[in-house]
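Asks: The whole structure should be built from the sequences, with the hints applied where relevant.
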Amino acid sequence: MKYFLTSALVRGLVGQIVTTWLSYSLIRSFRMTVEGWTVPEVGLDEPAVVLACIIGLFGFLLSCGVVTDWLKMMAGHKPHLKHGAQGRPGWTRYVNIDVNHKVIGIQYGLNSIFILLIGGLLAILFRLELAMPGLQFLQSGDQYNTLFSAHGIIMIAAIFAGVGAMTNYLGPVLIGASDMAFPRLNAFSYWVGVPSAVILLAGIFLGGWDTGWVGYPTHSTTTKMIGVQMFLLGFYLNGFSSIASGLNMVVTAVYMRAKGMSYFRMPIFVWAAVAASILQATTTQTVGVALTMVVAQRTLGMNFFTPILDPELLAAGVPAGDPILFQHIFWFYSHPAVYVWILPGLGIISELLPVFTRKPLFGYKWIALSSVGIALVGMLVWAHHMLTSSMPPTWKIPFMLSTLLVAVPTGVKFFSWLATIWEGKMRFPTPMLFVLGSISVFLLGGLSGPILGTIGTDMHLHDTYFVVGHFHATVFGGFVFPFFAAIYYWFPKMTGKMYDELLGKIHFWIMVPGFWVMSLLQMRVGVLGMRRRIADYGPDLGIQVEQALITVATLAIGWSVLIMIYNLVSSVRKTELAPENPWESRSPEFLAPSPLPEFNYLAPIEVVGEPYDYGLEGATYAVVPTPAGD
Amino acid sequence: MSKNAKHFSIVGILIPIVTAIVYYTISTFFFELPEAASAEASIIDDLFNGHYILIAFLFAIVVVPLVYSISVFRQEEGDETDAPHIHENTTLEIAWTVLPIFLVIGFGIWGVTNYNAVIASEPDEITIYVQGYKWDWTFYYPDHDYKSDQALVLQEDVPVLLEMQSSDVIHAFWVPGFRVKQDVYPYDTENQALNFASGPDYDPEPYHFKPQVMRFTPVKEGVYRVRCAEICGTSHYSMLANVFVLSPSNYQAWLAGDYLLPPDPNLVNSQPGEGYYLDALNDFTIENGFTPPPPPELAPVEDEG
Ligand SMILES: [Cu+2]
Ligand SMILES: [Cu+2]
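Protein chains in written order, with my numbering: chain B, 1 to 630; chain A, 631 to 935.
For the record, the hints were derived by calculation from the structure and aren't laboratory data.
Which chain A residues face chain B? A few, computed with CB under 7 Å, are given here: (1) Ile674; (2) His717; (3) Thr727; (4) Ile731; (5) Gly741; (6) Asn744; (7) Asp813; (8) Arg857; (9) Ala859; (10) Ser865.
Ideal placement from N, C-alpha and C gives every residue a C-beta, glycine not left out.
Replies: As C-alpha cells, then:
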C-alpha cells in the first residue's frame, strides 16, 4: 500500500487534480475580479476549464516524474537509464515510471483493459435504454448523448492503448532487440495518455457532451454542454502519445533488427506495426489541428467553421467559416486511425496462423506489402465519410473509387490466410479460436464496406445502424479479437504461467457468437431505417425484437470479458510454470526464458533462415549464440 | 494430387450453393429494404441488389474454404508432425490481386452511373424550401406561399427539388422509403432573419453559400417520415416530420384547403417499415410513451405574424 501511494501513478494523479483545481480557481478569480466575469447558468467558467486542464496535464507529467530525466539533460546532467524495480517489489514497476519496453507494453495492456471496461459499461448502460422504445431510465437526450459520445472516444483511447501494448511488448522482442530505440520517449508516450484519459473521463461528469466522438461543428462549437472541451482536449493530448510511439516504433524497426534479419525476414507482425506506426506518426497532426480549431473557436472567439453570410458582417471583416473544413481535416486522420488499430490486429492473425496450422505463412511478401498498401490507400479515402455532405459530386466520385480500392489489399490478406489454412494441420487452443473468430468477424466488417463506399447505397445507409454494425465488426475483427488472441498466446511468455484453457474457450464461445448477433442485427435495423446516435426510436420501424436481442448480445459480450479477466488474474497467481514453448513456435521470443529477462535475449540473436518454415525439415529461423566464455 | 482435386471440387460445388443461400437470405429477408417509394429508390435498390450478390459471393469464397479446412484438415489425434511446406504461389497471388481490381472498376463505373441517375434533374420539378432546426423541420412552398410546420406534403409522381438549410447546426434530411439523404448546413447561426422558411422574401443570391439541394420523385401514396440523420443535440432522436404523398386529386384538394391531414387510412400500408407509422400510432405508441408529433396543421404564412 505504501508503495502504491507513493507510486508515479498516484503522484501524477494527485498532481494533476491539484494543479487543475488550483489553476482553475486562480483563473476564475482573476476573471471575476479583473474582467468582471459573472457566474453563468452552467456554473463553470469554460475558458478557465480549458486552461486548467492543460496546466493539469503538466502537473501530472511533472509530479509523476516522466520528464525528470529530460529536465536534468536540459540542465546539463547526463542521467542514466534506470532498470529494474529500484529495490521495490516487482509489481510496483507497473505503477511507476519504467523505461523497459515490456513493462511499458504491459502498462499499456492493463490501461487498455481498464478503459475498455469503462467504455463497455457505458455501452451496456445505453444498450439497456435502447432495448425497448421509449425512454426508460435515462432522464434526457443529453444523458444518452453523453453516454454514447463517451463510449466512442473512451473505446478509441482503449484501442490505442491496446495497440501500444502489442507494439511495445512484441516489437523489440520479435526483431531481437533489447528495447525500443528511445526508451524515455516510450515511457512518455504511455504516461501522457493517462492524464488525457482522466480528462476524457472527467468530461462525462463535468457537464457531459453530445457531439459524438466526431465533434462536428457547428454543433460542437455551439453546444452548451461544456464537457465537449474536455473531450476535445483529451482526444488532442492523446495524440502526442500516438505520434511519439509511432516514430519510436519505426526507428526501432529500421535500426535495431537482429543480425541477419532483412526486412523480408522480419516477423510479419512487425511489418503491420511499422505500417500502422507510419500512419500514426504522419496523420495524427491533422486531427490535432481540427480539435485545436474547435477549442479556439469556442474559447477564443475565432471563427473557423461558422459560415457567416450576413453581408454586413462580411463587410466588417468577420471571415466566413466552413463546417465542411472540419470534416476534411478530421477524417484525414480518423479514417487512417482505424487502420492504425486493425493493421497490428491483422498482423497478429498472420503471425499466429502458421503456428497453429503448422504451415508456412502463404505469400509472406504479399501480406507484408498489403499492409503498406492498406496504409497508403487508407490516406486517400477520408471523404467517403462525407458522401452525403454538401461536397460537390466531382469530389465524391474520386473518393468512392479510392474507397473501393481498399478491397484489393484487404482481399490479398484474406486469400493468403485461406491458403495458409488450406491443408494445415490445425490445432485449436484459445488463441487459435480467437484468430479464426477474428477472421470471421473481420469478414463481416469487410463485406459490409463496399456497399457504404458507393454513393447511391451510402445515401441510404450513411449515419444509420448499418454503419455502426460495419464499424464494430471491423474493429472487433481487426483489433479486439486479435488483441485477445495475442493476450492468450503470449500470456505464458509474459507471466511464465499458463491461462486456463476451459475458461478461455468459454470466453470465446460466448463472445464471438454474441458479437455476430449484435453486429448483424445492427446492420439489419440500419437498413430498416434506424439512425445512429439516437436515444430513442419509435415502434413504427418494427425493430423491437432486434433491439432487444442486440442488448442481450451486448450483455453476453460484457460477461465474457469478465470471464477473461478472471481467467488471467487467477492464472497469474498459479504456482505451476508454463511449458517453455507451449505452441511449438519458431518465433525467436521462445528461444528466451519466460518471463523474458530485462534485456530479452541472453545474447544477441542471429537470424539464419525464413520465419515461417513449418514443415521444412531442419530449417531454423533464429539462433542464440552461446555467449563467449560461458 | 487427386486427393487435392477432390477437395477443390467439393469446395467448388459448395461455393455457388452457399452464394445462392446467402443471397436469398439477405435480399428477401435479412437486409430487406423498406418499400421503395421514390423513383430514386428503385435506382438505388438496383445497386443494393448488385452489392448483395457480391456480398453473398465473397462470403462464400471465404467461408466455404475456411469451414472446409477446419473440418477436414484439422490435426488428427496424436499427429504431431507439421503440415506440408507450401509457402508461395506467385500466379495465385497475382490472380487474387488483379481479379478484384476488375470488380472494383466494375462497381466503380456502376456507382458513378447510378449516382448520376439519382441526382439527375427532371424538367418540371416543384421547389420546396426546407428549414431544419433544433429539433424540427419546416417546409415552405414558394409557389403557393404556404408554410407547413409539421408535414411535408407531396404529390405522387411529381418530382420535387428541395432547397434546404439549417438555422443552427448540421442536420440531415432522410426519408428511408425514398433512400436519398442530404446533410443540411447552417447559413448563419446568429441571424434568424436569414431563415428562408420564415417568409416570402427569401432570395439565395446575396449569400455566400447555395442551399443544399436534393431531388426525388415520390411514386407511392402513403405516409413517411423525415428522420434527421446527423447528431444535433438533445432531441436529435425525435427530430422527425411526417411526409404525406397524396394522389393528384387529393394534392389539389389539399392546396385548396379542402383536404385535411392526416389522410385516409387506406393510404397506410401494413408492411413494417416506413408506411407502418399510422398503424403503429393507433396501436401502441401511447402505451410505450413514444409521443408522435401532433397531426400537421397548414397555415398561410401571413397568419403567423
Ligand atoms: Cu473511413
Ligand atoms: Cu437534427
